[in-house]
Amino acid sequence: MKNEYMAYPAVVKKILKESSNTNTYTLAFVNEEKQKNFKALPGQFMMIGIFGIGEAALSICKIDEDGSFSTTVRNVGNVTNTIYQLKEGDKLNMRGPYGTGWPLEELKGKDILIVAGGIGLPPLRGIIDLVQKNRKNYGHLEIIYGARTPEDMVFKYEFGAWRQIKNSRFDLTVDTVSLGSKWECKIGLVTSCFPQMKTRNKNSIALLCGPEIMMRFAAKCLETIGFKDNQIYVSLERRMKCGFGKCGHCQIGPKYVCKDGPVFSYDEIRPYIHPL
Amino acid sequence: MKVSTMEKYILLKNKLPEWINMITPTYTIFAPVKEEDLVFFKPITKPSEMTLAYSNAIVPPKAQMFHQTETMFTFTQGKNIRVNPASLPDEKIVVFGIRPCDAKSLSIIDPVFTNDFEDPYYLTKRKNAILVGLSCNQPTVNCFCTSLNGSPASPEHLDILLTDIGDKYYVELNSEKGKQLVEKTKKLFTPATDADSKKKKDVEKKAVDAITRQMKINNVDAFVKKLDTIFDAPYWKTIAMKCLGCGACTYLCPTCHCFDIQDETTLDKGARIRVWDSCMRPEYTLHASGHNPRPERMNRVRNRVYHKYNYYPKNHQMIACVGCGRCIDNCPVNIDIIDVITKAGEVKP
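In order, the protein sequence lines correspond to chains A and B.
Residues are numbered in the numbering used here as their position in the first sequence, beginning at 1, plus a constant of 6.
So that you can map any letter, position 76 of the second sequence is 63 in the numbering used here, and since no number is skipped, the others follow by simple counting.
Keep in mind that the hints were calculated from the coordinates and are not lab data.
There may be inaccurate statements among the hints.
Below, a list of computed lysine to aspartate or glutamate pairs in the EDC-like style, where the Cα atoms sit at most 20 Å apart [unchecked claim]:
1. 68/A <-> 94/A
2. 8/A <-> 105/B
3. 8/A <-> 255/B
4. 97/A <-> 103/B
5. 301/B <-> 273/A
6. 114/B <-> 10/A
7. 97/A <-> 77/B
8. 301/B <-> 274/A
9. 8/A <-> 77/B
10. 265/A <-> 103/B
11. 212/B <-> 164/A
12. 212/B <-> 112/A
13. 66/B <-> 96/A
So these bits of chain B aren't anywhere near chain A, every CB distance computed over 10 Å [what the hints assert, rightly or not]:
14. 32
15. 227
16. 250
Covered stretches of chain A, going by a simulated chain B footprint (3 or more residues, C-beta under 8 Å) [stated by the list, open to error]:
17. 20 to 29
18. 235 to 249
19. 255 to 261
Quick reminder that beta carbons are idealized off the backbone N, C-alpha and C, glycines included.
Using the sequences and the hints, build the whole thing.
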């Protein structure tokens, strides 16, 4: 019987600083065979940890050609704090990937609206990369990204390239701007970007990831402009221990975020996240 | 594997110790052992250590398959980390004297540990275990297995069921495993007669009649749907008001199967262990960011009830409650699941 709880050593190949408390780590399994067989989909997650500290569920934000992948980690808890101390070349342990990922088949030929809040952008980055690489397979792409402050935004170094994507629109908003810092986009919640939004309900799919309260408000606003629940997908966050439906921690209604999600269609999960 | 026609035997009471002695060299025997006023399933070396005058063990025998604390693997710390998988126990065990309700609880939680990825820790022990049940002739005041299609003398989820019918045990073999265990010690058993079978039926009827409390769920599907309509009812707030969040109901529930994973370390060595966890604790769902999806006690109390009577039936087509009554017996503030469910049926959507 295979022991899925077993974590395997991995090496930190590269660290990119995103903000004052957030880094993006490029990781690969030490075992070449294991690395060669590693396949993941945008929206899936890994259980990443350090022996002696524990594990955390971290989403995959980028999958490279050579099979190594990146994850963006904000330093907020025990495990993420330990990861935050690591340097390039250091080792950690991981297992996965787990979860469903974004509905890739469903997205083909559709207009895509991405609404992300704060550290909710990384799970969606794989979709932006996918559209960028296979531009003609998808319709209009619209990215609405909100964060607390301009400094808290992740992937700032990609914004220029994202603005160049054909047939797309990119809108940014922040809650506050500190005195003296330069900011030319909006100030307000992500929903304050909705009036100028180009994506309308017909033949489009909305992908949401961010704080749960943000997703609930965003979904509510999308519904009022005609989006159906099955056109909206959300990626949820829950505390997880096992990652594959045993330990019970991520249970939400009859669903387990680890194995039935983390990506859910809104009509599937709506009764259990208390929509507004 | 079910035996097509269940084989029935008689074991004289005075032969029971001999039977236990005969199987002791091959199996680790867990049996009810009395410690002060409580009964626990413990490994025994001789029959005299066990007690058969008990209503039920305070900790359900799920603990024999799903240990309260269990090492998953060990590791060394430092530059060159080495991981050593914990060896899975291959000892064969007999859980002797398990009640039919507790045996049913294992069938209920099996799919959690089997579906998707198999859980080697639980399944190895489960496969190596033979369940020898003992019918419950004197149900306790809070027993309600009959409300959930159970019976105090049902062999359904057991390998062997013993029923005390006076000076002898009526023995029903319900699986290949059970048959094999008796096969090796056949000389102690004699075939049961029709009169014995009738005696068992009488004993069972008496026990069923002794169950006085009833949880009113007439139709499971209808009740599941009913709960869907009253999720936001103020009722749950009222129920949760007196809950202390101690978690006794979840630790002692034979169908609760949640666990936490923790690392325990010394300077250079460590172990990844798993321990029973409880959804009644706020930390159970707390994110590192501070967000808690089930922030109030009400959310947690309601989740426990819904998990057993709504979510579990939706996922596995069965209610995750066997009617053992432990959560009622051990709740420090007398939250009574029979009342909670029965009254929920009357709450207006």
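Hints versus structure:
1. 68/A <-> 94/A: 18 Å, holds
2. 8/A <-> 105/B: Holds - the C-alpha atoms of residue 105/B and residue 8/A are around 8 Å apart, at most 20 Å.
3. 8/A <-> 255/B: Measuring from Cα to Cα gives roughly 27 Å; hence the hint is violated.
4. 97/A <-> 103/B: 29 Å, violated
5. 301/B <-> 273/A: Given that 20 Å is the threshold and the Cα spacing comes to 17 Å, the pair holds.
6. 114/B <-> 10/A: Cα-Cα ~19 Å, so holds.
7. 97/A <-> 77/B: 34 Å, violated
8. 301/B <-> 274/A: 14 Å, holds
9. 8/A <-> 77/B: 16 Å, holds
10. 265/A <-> 103/B: 9 Å, holds
11. 212/B <-> 164/A: 48 Å, violated
12. 212/B <-> 112/A: 31 Å, violated
13. 66/B <-> 96/A: 9 Å, holds
14. 32: 30 Å, holds
15. 227: With a cut-off of 10 Å, residue 227/B remains clear of chain A, as the shortest Cβ separation is near 16 Å.
16. 250: Given a closest Cβ separation of 5 Å, the condition is violated.
17. 20 to 29: Coverage by chain B is violated here, the residue count being 0 at a Cβ distance below 8 Å.
18. 235 to 249: holds (count 5)
19. 255 to 261: holds (count 5)
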